[in-house]
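K.L.:
Use the sequences and the hints to build the structure in full.
Anchor point for the first sequence: position 366 equals 366 in the working numbering, and the numbering is continuous, going up by one each time.
It is possible that some hints are incorrect.
[To be verified] Restricting the straight-line Cα-Cα distance to at most 20 angstroms, the calculated cross-link-like pairs of lysine to aspartate or glutamate (EDC-like) are: (1) Lys49 to Glu88; (2) Lys368 to Glu299; (3) Lys146 to Glu174; (4) Lys49 to Asp87; (5) Lys5 to Glu36; (6) Lys43 to Asp87; (7) Lys125 to Glu136; (8) Lys125 to Asp6; (9) Lys132 to Glu312; (10) Lys167 to Asp151; (11) Lys33 to Asp94; (12) Lys305 to Asp183; (13) Lys298 to Asp183; (14) Lys84 to Asp111; (15) Lys33 to Glu16; (16) Lys309 to Glu188; (17) Lys349 to Asp117; (18) Lys376 to Glu193; (19) Lys305 to Asp151; (20) Lys264 to Asp222; (21) Lys368 to Glu312; (22) Lys98 to Asp6; (23) Lys33 to Asp6.
Because the hints were derived from the structure by calculation, they are not lab data.
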Amino acid sequence: MLDIKDLREQKERYIELLSRRGGDFSYLEEVLKKDEERRIIIKKVEVLKAKRNEASKKIGLYKRERKNPTEIFKEIQFIGDDIKVLDEQLKMLDEEIKYQLLITPNLPAEDIPIGKDEEDNQEIKRYMTPTKFDFEPLPHWDLATKLDILDFERATKITGSRFTVYKGLGARLERALFNFMLDLHAIEHGYTEFMPPYLVNRASMIGTGQFPKFEDDAFKVDDDRELFLNPTAEVPTINYYRDEVLDMKDLPIKFTAFTTAFRKEAGSAGRDTRGIIRQHQFNKVELIKFTAPEDSSKELELMLKDSEKVLELLGLPYRVVNLCTGDLGFSMRKTYDIEVWLPSYNAYKEIGSISNAEDYQARRANIKFKRDAKSKPEYVHTLNGSGLAVGRTVVAILENFQQEDGTIIVPKVLQPYMKVDVIK
RNA sequence: GGAGGAGUACCCAAGAGGCUGAAGGGGCCAGCUUGGAAAGCUGGUAGGUCGAUGAUUCGGCGCAGGGGUUCAAAACCCCUCUCCUCCGCCA
Numbered sequence: 001m002l003d004i005k006d007l008r009e010q011k012e013r014y015i016e017l018l019s020r021r022g023g024d025f026s027y028l029e030e031v032l033k034k035d036e037e038r039r040i041i042i043k044k045v046e047v048l049k050a051k052r053n054e055a056s057k058k059i060g061l062y063k064r065e066r067k068n069p070t071e072i073f074k075e076i077q078f079i080g081d082d083i084k085v086l087d088e089q090l091k092m093l094d095e096e097i098k099y100q101l102l103i104t105p106n107l108p109a110e111d112i113p114i115g116k117d118e119e120d121n122q123e124i125k126r127y128m129t130p131t132k133f134d135f136e137p138l139p140h141w142d143l144a145t146k147l148d149i150l151d152f153e154r155a156t157k158i159t160g161s162r163f164t165v166y167k168g169l170g171a172r173l174e175r176a177l178f179n180f181m182l183d184l185h186a187i188e189h190g191y192t193e194f195m196p197p198y199l200v201n202r203a204s205m206i207g208t209g210q211f212p213k214f215e216d217d218a219f220k221v222d223d224d225r226e227l228f229l230n231p232t233a234e235v236p237t238i239n240y241y242r243d244e245v246l247d248m249k250d251l252p253i254k255f256t257a258f259t260t261a262f263r264k265e266a267g268s269a270g271r272d273t274r275g276i277i278r279q280h281q282f283n284k285v286e287l288i289k290f291t292a293p294e295d296s297s298k299e300l301e302l303m304l305k306d307s308e309k310v311l312e313l314l315g316l317p318y319r320v321v322n323l324c325t326g327d328l329g330f331s332m333r334k335t336y337d338i339e340v341w342l343p344s345y346n347a348y349k350e351i352g353s354i355s356n357a358e359d360y361q362a363r364r365a366n367i368k369f370k371r372d373a374k375s376k377p378e379y380v381h382t383l384n385g386s387g388l389a390v391g392r393t394v395v396a397i398l399e400n401f402q403q404e405d406g407t408i409i410v411p412k413v414l415q416p417y418m419k420v421d422v423i424k
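P.N.:
Written as structure tokens, this is what we have:
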């Protein structure tokens with residue numbers, strides 16, 4: 001959430017920056033008018049409340065002294081009604097302003113490329129060169145079906161489209177990968193392992209920015225508690241500290257969370273329909289950081305390195321892009337995407353993204369920190385990154401390490417987990 | 001699912017309509033004491049948020065959350081959430 005005071009003071013700059021995402025943000029002018037109105041009412045109602053408090057105090061005093069307080073009663077006879085009316089107006093204004101702010105995305109960072117969509121993302125790094133084959137490589141859905149390690153057809157029987165059964169060495173590859181990733185981040189990179197609930201409430205979804213704007217993307221549980229299936233570990237993990245004040249000495253806090261994520265993929269009908277690139281259910285190892293404001297840029301770069309390390313150890317070709325304003329996620333100020341080379345797409349495909357939300361989620365979720373006992377609480381910065389999307393890593397391994405006979409070479413680092421060196 | 005109990009500031013805890021910005025502890029900070037520390041003693045400290053204000057400061061809200069009764073509510077009423085105990089069920 002944006003800070004209404006900052007918005008008030010830097011209206012033009014805020015609207016200009018937001019417009020870089022594309023879209024019309026002139027409605028913020030209306031929001032500021034409501035904010036103005038709100039402050040006028042606050043002034044009025046607080047004067048009345050102060051008057052009433054004073055009178056009530058006097059009545060108490062009179063009663064103790066056995067004096068007659070009728071006079072005072074007369075004075076404030078109608079004050080309660082006035083307060084009630086103003087309070088109701090205030091509440092409505094508050095709600096409208098809050099709602100508008102909740103559906104307004106984060107400001108993009110000043111230094112990221114301005115652009116419309118992924119075409120305008122800026123490539124900043126390549127690792128290895130795209131895999132070359134001296135035979136006709138197969139897409140992962142064909143490879144996996146032949147090896148009988150993924151079953152797309154029968155999965156539709158169990159659930160429906162965009163669900164897959166992992167089987168045999170396919171299931172083991174998935175498990176090997178997330179164990180490998182967790183070990184890397186927890187043991188080598190110093191993140192604390194984190195296993196959150198997979199059902200989250202509305203407040204959590206609002207806290208990280210999924211709601212209210214993107215409610216259609218979430219699976220809702222039919223239960224009167226209003227719970228939703230975890231769409232990314234970012235939600236439960238960042239909300240872990242919702243409404244808390246952390247100690248500076250504990251920052252940065254680093255978590256690595258493995259979760260199964262569930263998404264409706266509402267807007268992507270017809271896209272990536274083959275294989276397991278885009279599923280309603282997928283596994284992901286996530287990296288989360290809570291930092292002091294002055295450290296978040298540095299921590300973002302470190303997180304990117306931690307994330308890249310996974311692909312480097314696996315020996316997969318990838319590139320890193322700096323997302324342009326048009327492709328940037330709702331809650332984020334800056335995002336790097338890591339894109340892995342996929343022969344079936346003959347292109348780089350997103351396998352993880354590493355983002356800095358700065359104080360946007362912290363303000364929504366009310367997560368602060370104190371520099372020391374006496375200092376005022378300030379909002380933390382939150383960062384999250386993939387470490388990585390497990391299903392898409394399976395795809396990358398199958399497609400990049402396939403051999404002419406349709407078998408798959410298991411990367412060295414996975415062999416201790418897989419107990420085999422070839423999937424056949 | 002059934003029956004009870006509880007939720008007050010960093011922690012423990014008093015408080016059953018007005019003098020409670022919340023007694024009392026613990027903690028924390030400073031000082032005395034000490035070679036240094038502990039203990040002891042003395043003094044100090046109470047959060048957050050919103051609004052006004054150049055600073056100082058003033059005012060509103062705040063005793064799990066929401067709503068109500070009242071001139072006035074931590075206290076009374078209603079709803080919700082969380083935790084605890086017992087019973088039932090269960091991986």
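K.L.:
Look at each hint and say if it fits the structure.
P.N.:
Status of each hint after checking the structure:
no.	hint	result
1	Lys49 to Glu88	holds, 14 angstroms
2	Lys368 to Glu299	holds, 18 angstroms
3	Lys146 to Glu174	holds, 17 angstroms
4	Lys49 to Asp87	holds, 11 angstroms
5	Lys5 to Glu36	holds, 11 angstroms
6	Lys43 to Asp87	holds, 11 angstroms
7	Lys125 to Glu136	violated, 28 angstroms
8	Lys125 to Asp6	violated, 35 angstroms
9	Lys132 to Glu312	holds, 18 angstroms
10	Lys167 to Asp151	holds, 7 angstroms
11	Lys33 to Asp94	holds, 12 angstroms
12	Lys305 to Asp183	holds, 16 angstroms
13	Lys298 to Asp183	violated, 23 angstroms
14	Lys84 to Asp111	violated, 48 angstroms
15	Lys33 to Glu16	holds, 18 angstroms
16	Lys309 to Glu188	holds, 11 angstroms
17	Lys349 to Asp117	holds, 15 angstroms
18	Lys376 to Glu193	violated, 30 angstroms
19	Lys305 to Asp151	violated, 34 angstroms
20	Lys264 to Asp222	holds, 15 angstroms
21	Lys368 to Glu312	violated, 35 angstroms
22	Lys98 to Asp6	holds, 15 angstroms
23	Lys33 to Asp6	holds, 14 angstroms
The structure fails hints 7, 8, 13, 14, 18, 19 and 21 (numbered hints given earlier, in ascending order).
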